[in-house]
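Enquirer: Make the complex out of the two chains shown on their own, each in a separate frame, by following the hints.
Below, each chain spelled out in residue letters.
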Amino acid sequence: MSSIEKPFDVEESRIILVGNPNSGKSSLFNKITGLRQQVGNFPGVTVERKKGQFRIDGVGDIEIIDLPGLYSLNPISEDEAISATFIKDLENQETSDVIVYVTDTNSLRRNIPLIQQIATLGKPMVLVLNMMDLAEKNNIEVDVSGMSKAIGLPIVPMNARIGKGVDELKDEVKRVLNCISSGSWQNQDQQLTQEQTSAEIIERFVQRKDTARSTERTARLDGLLVHPIYGIFIFLGVLFMIFQAIFSWSSFPMDWIENGFLVLGNWLAGTLPQGVLNDLIVDGVIAGLGGIVIFVPQIALLFFFIGLMEDTGYLSRVSFMMDKLLRGFGLNGRSVIPLMGGAACAVPAIMSARIISNKRERLLTIFVTPFISCSARIPVYTLLIALVIPAEQQFIGFNLQGIVMMSLYLIGFGAALLTAFVMKYLVKAERGSHFTMEMPLYRPPRWSNIGITVFNKVKAFLFEAGKIIIAVSIILWVLSSYGPGDRMQEIELKYKAVELENKSEVVANEKLEASYAGELGRWIEPVIEPLGFDWKIGIAVITSFAAREVFVGTMATLYSIGDEENTVGILEKMRNAKDPVSGELIYTRATGFSLLIFYAFALQCMATVAIVVKETGGWKWPIIQLIYMSSLAYLSSLLVYQWFQ
Amino acid sequence: MSYSTLDQIKNGETVLIEQIHGEQLAEQLQHLGCVPGVYVQLERRAPLGDPLIFRLDQSFISVRLNDAKGIQVRPSTSSL
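Each protein sequence line maps, in turn, to chains L and X.
Position 188, counted from 1, in the first sequence is what the numbering used here calls 188; the numbers after and before it change by one each time, with no gaps.
So the number in the numbering used here is just where the residue sits in the second sequence, counting from 1, plus 1000.
Chain X with its partners taken away, still in its complex shape (with noise of 0.2 Å):
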């Protein structure tokens, strides 16, 4: 079991979360959903490169590209 970060997924990827580094930043991801445990999508990116668009549950979520490297996933196989 390789363990990596969300910045690092490729595009249409799906991911475990695993671990938010940074309660600030985990407590807004918590806001929006996006707690250890859910399996979140890399949708696109964003013209610059950054930010990026998750798609988790039924919603989308961006986040930045330097956030992206506090958040530790697992890969996963199912597709959401």
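In isolation and in its complexed conformation, chain L is listed as follows (with noise of 0.2 Å):
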């Protein structure tokens, strides 16, 4: 054999990792390439197709690709549709590819007829028969030798959870890619694409010992998690749990965390040469970055939930629940998906709609995801509701701040229902309805998975949102430090000879006023007043449309200014904020329920328009639907304050 192998070049090769959704795909990429990225117990959570560099030793590195997961060439769904249309064209690549057929071993009779549809194509080919560990435990017994030469490709048992037959797969491929760069290859498949049914190969060379253990467990544990009565009161459950978490597991390092950051200020502060270089970074970078920080602990309990589900396989089970719910409401099933993805952020949720295959059903998603609240809204909702609820205040023994929390995520959803009830009836459905689904079998989480996606979700979140807090932080520190002609310096000019006790604030205060972003603030005021907000509010409704947790940046920003001290943080500065004329507290509980219904509602992030406009394949859709949303904040929080008022 290796007279006839020749070394491959690696800048030219490829490997292409090809399965059914829910196959295990993912778990070999994550091991085969070291590289961090998402895996889950739900169809279709790979939705787009991700590269990374693949180490064969001795030889270098080869780039290799993983597909979303697909059950035909012929797809349905638009996840489906990017794995077949790149599979179909890899005929015409310049690069010797080779395709890594990845199956369940457990159910790979269903497997048989894609695997022929690729065969077809005349790509080099290596099967791998993956979750062999189950397979023995259900005594399945495969003669892998056997079938290999039978159907004419390689076969690889693999336990890619564990990492076992990753070795062997290597070696396998870099056999293969010899063949082919020595000219050496040849298509043996030909018996696969001929005339050979499934069912015959399976029998053949699949033996079955017993009944399977693991899918007898399943069906014990559906009998109990989707009961009629137990299954909905174990969801609901499992909902409250995750929100009484939140809250009160995170509020010990949430504390450290603001601690922390007031520390660093006040370090820098006094490290740092006075001037306007130590005023940016103190009172606009670092009160703006930890405005954010200090809600990782929140983001990561939620994504961690959300993981667990999903890795487990209970995931599919609350779609499978809350179908007719959902069909009611012009939605499916699989809806949950992105709506509960999207209680973790709204972006990567709308890009998971694409496993509704229905097209009205699709849109309808998209379109009510961003009423979920997202994480985003953690530290905007957190900052308000402490503001205006007092921590200890209980209601029937449970913690209020943690109730009204939840009553927003409900009222939320209720408006992300009740608005695709509406356009149900306004957009015109296309073809039929279909909920054709896989109910995967239950398994025990893989904690170094859902540890890579919370690590992976958190560092998104604070660079993706870092980056845009610190631009907004500078150009929010330069607007409100300077303003239009010399007013800056006239104010400093009329208090110059002046006594005043808190002389150092009412001169801070002033300033703000007369600076660009006081000059903002003022002209949108007239718009948000009847919603109680005042002009420093209506600045950070307006950076905030950036991303709504830069209302919190803004907010620290903006009242950390003429804090020369810099001793309490964000939360304490808010409590005590008066109106200068009137003396009254600004932050009453009309004002902090309006502004609390505001961002429930808004869409408040540049980041949604976008990916809307790509998802739907233009502006119409996300243009109305940011018409839509702001009329329903503007009108929600009017009619909030005024009652509460």
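I should point out that these hints are in silico values taken from the structure, not numbers from a laboratory.
The model shown is predicted, which means the values in this text are computed figures rather than measured ones.
Heads up, some of the hints might be wrong.
Unchecked claim - Chain L regions said to be covered by chain X (calculated; three or more residues, Cβ under 8 Å):
(1) 107–117
(2) 151–158
(3) 277–290
(4) 322–332
What the hints assert, rightly or not - Residues from chain L that keep clear of chain X, each with C-beta distances beyond 12 Å, as calculated:
(5) E216
(6) F235
(7) S433
(8) M439
(9) G485
(10) V506
Yeah, the Cβ is synthetic: ideal placement off N, Cα and C, and Gly gets one too.
Expert: Shown next, in the form of structure tokens:
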């Protein structure tokens, strides 16, 4: 064999991972590349193709591509279409590509038609029989070498979860690539493309000795988890527990982070040379960033719980249980994935709506997903709730802050459903709506995969949000430190000779009002005054169109200007904020609730608008969505403020 | 031999798929391994009575009641 091998060129070679959803492709991709990305137990988790590097010892790094799972080369949904187009186009590529077809050994039978379809394309292919451990537990035995000879494909048994079989796959791929490069590769899978039925292949080489234990365990668990009564209560209980956990577990790390940033800010203020740069870094950047980092514990917990539900297979059951209910609102059981994902971030959630094959149901899901309270709203909600509801206040034994938080999520969910219900009658249906879905076997969570997901999401939140926050903080700091004409100097002169107890604060406030930011806030004030918002909130509403969490950073920056000692957190500062004319507190219950409702409904997120443009293929729907959500936010805030006034 | 449709079967009953009406539905089901000639067993119903979970080979699939009406089946004495 080695005599005909010729080292191949790694630059010219690619590995393409193909297979059904939920076959463990992404697990294999993780193991093989070490690249961090998402894996889940829900069909359709990979909705975009992913690239990574695959190291073969003594040869080098080869590109490996993980395609979204598909069931057929005649796709039904968007994510399948991406894969099917990619695979069909392989013929026109210059590179030497090896298709690695990954199948769950337990469902080998239904994979045979797709394996045959792909084999017809004539590309070199290696078959991976994944989840061998589960197959063994299920007493399924595969005659690997017999089957390999019969169908003419190299076969590698694998357990991608623990990395078993990965080295063997690397060797096999290396061998195939060497054969291609030396010109000795021959497609030997003609047997497979000929008239050989999957039943024949399976019956000859796959033996099942006994009833499958993991299948029985799944059936028993379903008896409880989708039970007409227990099932519903378990689901509601899970949701309630998640919200209580997010609030009670995260309070300690949040306190540490808040104090840490105060210490850091003060240390920098004392260490860096005095001047403009010092002000910019301490009052602008550090204050803005501190307002964001503090919410990492809550976001990490939320992603952890969603990841856990996805990885164990429970999320599919939630789709199943909710299908009939959601159908009444023009949605689909699968809409649960974008809707729950929307609780983390609307952008990946809207992308995941690709798993819905019906056009109208997909559009409606995309349209209403931004109503689900995302993690970017958590900072805004937390700050405002803490501002207007005392932490120790209880309501029938539960933390009232947690209950208000949960209510906001329910209000968002309700708005999403009602909107979908109305839209159902406005958007024409195109073709029949079906709901056929695999219910994956329950399996223990793969903690490392969940860990990777949480790490990635938090990292993305910090970096993506962080970039915007730093940019907005700097712009905001400039806008609020400088003003038109020489008003700033005039104010300095005016107070020069005056002796006041709280002189620096009074001067800072007057300067802020005279600044460009103050002008901007004043300009929008007449519009937002009926909602109970003052000009400082106005500035934050404008800047937070970039992203909702910028609200907190903006408030932190606005309120830290003039506070030279930098002694208290943003919450304390806002709580004590008074109207300079009337002397009344600004953040009353009415203003707090009005702001909460505003942020629950308004589409304050550039990234969401951008992804809706991309997913709906135009500006029509994002513009309708933006106008609709902004109007709803404005009217609701108006009603809430007038009611509580 | 009496023919009926998949929505009419009882919990725990196993039937043989005879024919699937509707091209789109047939294709979606084919992807999940549900084609004419395979046995399916009604495992359970969703809390609201719809959709249904069927056991098929060693996997579970979920199908709406309305879609099940378009699937012609034959009663079977064998169990999965």
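Enquirer: If a hint holds in the structure, say so; if it doesn't, say that too.
Expert: Here is how each hint holds up against the structure:
1. 107–117: holds (count 4)
2. 151–158: Violated, because only 0 residues of the stretch 151–158 of chain L bring their Cβ atoms closer than 8 Å to Cβ atoms of chain X.
3. 277–290: violated (count 0)
4. 322–332: It holds: at least three residues are needed, and the stretch 322–332 of chain L offers 3 whose Cβ sits within less than 8 Å of chain X.
5. E216: 10 Å, violated
6. F235: Nearest chain X Cβ is 9 Å from F235(L), so the label is violated.
7. S433: 8 Å, violated
8. M439: About 4 Å separates M439(L) from the closest Cβ of chain X, which leaves it inside 12 Å; violated.
9. G485: 67 Å, holds
10. V506: 62 Å, holds
In summary, the numbered hints that this structure violates are 2, 3, 5, 6, 7, 8.
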